[in-house]
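Turn these sequences into a full structure, and let the hints steer you where they fit.
Next come the chains, spelled out residue by residue.
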Amino acid sequence: MDFEKTDDRRMLADSLDRFLADTYPIEHRNRVAYAAPFHDPERWAELAELGILHALVPEERGGFGGAGFDVFTVFESLGRALCPEPVLPALLVLRALMATEADLEPILSGTRRYALAVGEPDAPYDLDAIETTAARSGAGWTLTGRKSVVYGAQTADAILVVARDGDALGLYEIEGDAAERIDYGLIDGGGASDLFLDATPADLVLADAEAAIREALDWGRLALCAEAVGAMDAARDMMLDYMRQRTQFGRPIGSFQALQHRAVEMVTEIEQARSLTILAAARMDDPDRARHVSMAKNLIGRTTQLVAEESVQMQGGIAMTWEYPASHYAKRLTMIDTQLGDADWHLEQVMAALQAA
Amino acid sequence: MDFEKTDDRRMLADSLDRFLADTYPIEHRNRVAYAAPFHDPERWAELAELGILHALVPEERGGFGGAGFDVFTVFESLGRALCPEPVLPALLVLRALMATEADLEPILSGTRRYALAVGEPDAPYDLDAIETTAARSGAGWTLTGRKSVVYGAQTADAILVVARDGDALGLYEIEGDAAERIDYGLIDGGGASDLFLDATPADLVLADAEAAIREALDWGRLALCAEAVGAMDAARDMMLDYMRQRTQFGRPIGSFQALQHRAVEMVTEIEQARSLTILAAARMDDPDRARHVSMAKNLIGRTTQLVAEESVQMQGGIAMTWEYPASHYAKRLTMIDTQLGDADWHLEQVMAALQAA
Amino acid sequence: MDLSFSPEEEAFRAEVRQFLAEELPEDIARRNREGRELEKADMDRWHAILNARGWLAVTWPEEYGGTGWTPVQRHIFEEECARASAPRTLSFGLAMLGPVLIKFGTEAQKAELLPRILDGRDWWCQGYSEPGAGSDLAGLKTRAERDGDDYVINGQKTWTTLGQHANRIFCLVRTDPDAKKQAGISFVLADLDTPGIEMRPIRLIEGGHEVNEVFFTDARVPVANRVGEENQGWTIAKYLLTHERTNIAGVGFSIQAFENLCALSRKSRRNGRRMIDDPLFAARLARIEIDLEAMKITNLRMLSDATKNGQPGPESSMLKVKGTVIRQALNDLSRRALGPAAAPFPSEDLEGNAALVDPDQAANAARYFNNRKISIYGGSNEIQKNILAKTMLGL
Amino acid sequence: MDLSFSPEEEAFRAEVRQFLAEELPEDIARRNREGRELEKADMDRWHAILNARGWLAVTWPEEYGGTGWTPVQRHIFEEECARASAPRTLSFGLAMLGPVLIKFGTEAQKAELLPRILDGRDWWCQGYSEPGAGSDLAGLKTRAERDGDDYVINGQKTWTTLGQHANRIFCLVRTDPDAKKQAGISFVLADLDTPGIEMRPIRLIEGGHEVNEVFFTDARVPVANRVGEENQGWTIAKYLLTHERTNIAGVGFSIQAFENLCALSRKSRRNGRRMIDDPLFAARLARIEIDLEAMKITNLRMLSDATKNGQPGPESSMLKVKGTVIRQALNDLSRRALGPAAAPFPSEDLEGNAALVDPDQAANAARYFNNRKISIYGGSNEIQKNILAKTMLGL
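Residue numbers (my numbering), protein chains in the order written: chain A, 1 to 357; chain B, 1001 to 1357; chain C, 2001 to 2395; chain D, 3001 to 3395.
Straight-line distance between alpha carbons at most 30 Å, and here's what the computed DSSO-like set of lysine-lysine pairs gives: (1) D:LYS3040 <-> D:LYS3110; (2) A:LYS5 <-> D:LYS3296; (3) C:LYS2390 <-> D:LYS3390; (4) A:LYS5 <-> D:LYS3308; (5) C:LYS2296 <-> B:LYS1005; (6) D:LYS3390 <-> A:LYS5; (7) C:LYS2141 <-> C:LYS2181; (8) C:LYS2308 <-> B:LYS1005; (9) C:LYS2110 <-> C:LYS2040; (10) D:LYS3141 <-> D:LYS3181.
The set of hints was computed from the structure by calculation and includes no laboratory data. Predicted, not measured: the structure shown is a model, and the values here were computed from it.
If you want it as structure tokens, here you go:
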């Protein structure tokens, strides 16, 4: 039993943290995160060069990592810096393609950006309700349906689309601009698109892809949990600094007992959420991967809400302003919950496991 | 719009409060509430003489009240004094018999005590799951099944039993000792019995009694809500007194901000719970009676838990002792939730109404 | 006890409902329902419609052009406005300065200023908070030094809501720097075009421009613009903070939010069923319905007390605390109900695009974030709890 | 990071499991599982079995007859004991006095007293709290005045758990009445049959007799019974309060309670379905499962830190606070799951009556009420939060 990062991962985290601290301060982050293309292509290339994408994939597929704790390490650092680069879409696509023979190098090198299109307006989280259909058309396929809030699609060269061919879910590739696309920024920074597929020509990448997609989504969920842990650590530190320095009624506000107790409760919940994220990272290759991921994502969802709301409340008016970084952390922490299944959706998965046991 | 009690009800409340303060101090209460027959038959007779049972029934049936606010008034006072007399069973029976021509006088005068047997081990709250059956036997009927935790049955002269005849639920009367009966005290004071009916001879009181039973149960729920309001007021006052007087680290514990805020939250929730109990009392003759009762009982269940747990926690060790009245209030407040439908069960009724709307 | 409204009150409700059906512009109602900020022109339009009907100043006595309504009438009006998605009127002139002038102003001040509030010539904003002072009003630093018939004001105010639309500001300033904290404060009025007063926008968490900073640099304001005695401003400040305000619980907002949310959760689907049929979501919805239903009655109970006693007791602070908790929970639930669709940044581009975002719900995430303010401003919920612990609980 | 146990640790787990399968008396396990208090004889029996195996004093070094286990081994032992429904050993001698003697006692004290703890000749109880002092230990009033080779003790202690079974007591007494609060306190040991020491039962909320008051009236105790220096008792008190205790989070209890609860909710029916199929109940159950799963890892993380640093950091107080919250939530859920069937007062009459009450769940409501204590004693959760705010958060 060992809860320390290995030397390799500590080095990766250190160099990533240093890079982000140097090149991605919050002012820069806010400049690029809220204006098209909603990230910084130059930094993206540098991040890829740093090897953070390679860290997401095992050696036999051209990476140098690929374990749960590698993903944890990368996303924890991204979360701490509130980095809006589309690393999550890359992870989702890389892990979905693990079930294929595809050459991952163009993605790993950062030269070709992908997005994974899964969710739909009436099926934001659940694969079973997906309605986008794939139909044969000559030697190829066409896709018809609507994909909503596809993270990173606004800047993607290509998009992997999950579509239904009868009962089977398949994975299909289209060019980034093959379908009508509406791009937009997100309230917490970064960008996404809605896709309107209308007999859009596509290549089949993987038939019977459901297991691969589920696994890829679980990797994405782990990444979001780790990102949340990093962002919560940063939000907590900011809040505690503020509580130590800011005085009201002639005393530091951190000396008020009601706030002290709430700060302690918040810090305790962060540690609990970190614990389950660590556990999920350790269980990514186990048969009960999905259950552990759902447990973690549920607790993360509950905890990010607590941290976002309490940190704003306890810092008061200043945290309501765009100027002050805490507000952007609060938004990101809040919106992480609605990516890849919110707290309730994941709770329902844990409930189902209990009921089936 | 008027939130004051009418003069008649104020007089009733005053005389009941005075009677209970004089004759039912907590030491007496604890003596009778925890030892068979788990109430005080002498006080029972005096309470009936005072007219509190008459207050539960309208004039045309021999009472002098019978409105929601009458029931509210009586049970609020009983709750404040933590009185374990079996007034709730009497109310349930009286209201169930409103659908019949039965002479209510023996009950109203307190001379004949009844209990209403509804819940079963696998159907503690829901009429639909009731399994006790009624079968014709010559001119009469027999009942077979198990009724659990029948409040007040330990001291009842007769019991009204809810049983199933095919799809219909009927109301049948048996003598108090007609079936095997195990009597016991309750952890929060007062008594109950389990009934083991095995072809037990019974008289039919009302066929197709479902609506009458539902209405009677709603009256019982209103009574429990009002009892809870009274008990919460008392528990709160006790706690606030303690917080003002008890010093620790050289200061009254009520001066600690973390406790102050929690006390304010508790008091706020008590007012909210009182509000919904008032609303339910006002809606007892309306078509959406059941929904209002369920809203109130859900909020009461949430609030009694908060008040019981927080008042014990904030008063500390002393409230963990039998000696100190707050512990008995905490128990009663906790166990009220599991009478006639707990917070979750009632929430499900409110959810169903929302879904059907 | 009797929870029914009197026949007169029911008739009043019918009158209000008919007025709203006839006079509330549909575009304003829609914009308000969609959770988007109103333009100044829309606010002015609705203000004028209410004024024409004489229903603008709901807390003022009739002699000053107010409605003279009872608290119950105000409650009914508020409830009907919420049901009809009517926007709230601006509180700065109507609910804050007006009552202050009526209680503390000179006859000349009342005669001059009250009509200008009603007819919309004056749009007032508020200079209470200062950077670094937060809920601790007594620590304010903005100074007004007497120079002949003027005060010369230097300092900075912040959180000035909708100041960008205002032409006038009322502020608390320190007129005696040597006095103890609460003493030495005065309440003064200023034209915003006074030289030396500058307003700068503050961008809020969700990206909107709603509040401002106001800088005073040797700004000269006539001493005649002071309301009340010099150095007695604290009395006015306290009056304002504890003064009975219509619907401190925000029940109207919450009713509107709850109805929107029900409609959304019946319309949208998740996991192959209506959102409202998801038991966990339905449980959240039912719980908040119950809390809100309770809050309506709690609010009425306190209104009824206030009517009897002439003034609300300190327990009305409970309405603010619990009311904001309920509103914020509703905002949270709307955001949850939309799921990822709540994520797009509200922009004029997207607003027009009905294919993309349900227009009824476009701004829900933004509203959630923006409404985190309601438990912070006007005396944070923490401050309210401090007050309640002392005044109501005697701790 | 690596969350797996080493082969040695897994082998140890197997050894523990086998031991429990072979040696834990079934009647003791059942009584413990049913949530009923153990008789003294049962506790003594289990104590002797563990001692025979050398697994009794899990926090003591081997040289004093302890196991010398690592924190991870202790965790494994605790987890396996919970799974097997083995009762906890009594902490007063083993987890509290033993470590104090080892750190502060004289060689003579260690040589005499430690073996008597192990072989069961001494059953210790604790004299820390006093009426009116609660979590404020520094305010204690019981006085010990030097008279020749004795202390003469006068005062009163309370919350003395299972004192009715004990023959000896360790207490904090004030030996210098003029010193400042924390100074002037000493740690002394006393035989309970000393003239002038009287024990009286306190009945607890749920009706049980678990704790006691102890009265000292001119009770003479040899000065040689003092542990540590005179007036230095505060150091020992702090050591005891912050000393690493096995399983401060109570994870073992919680695991056992969770498994009982799952079994109950699969077995019992409500509204025509299994309790576990009720979505609101299942949601409560799943949420607590998640919290408990997280607590297991948090506990391991802190154990792992403690192993590295030799001592746990102040953050171990988090384990106490969150651990008690989780245990109490589980007790609450068990009570809910039983519904009205939780209401009967536990009594010997009912215990025998399997027709009436599920024997596995007989004492659930009583346990719920009794366990409200765990967030109060041993430094209430409020005190823990005060400490955490200062030491861990620097507030």
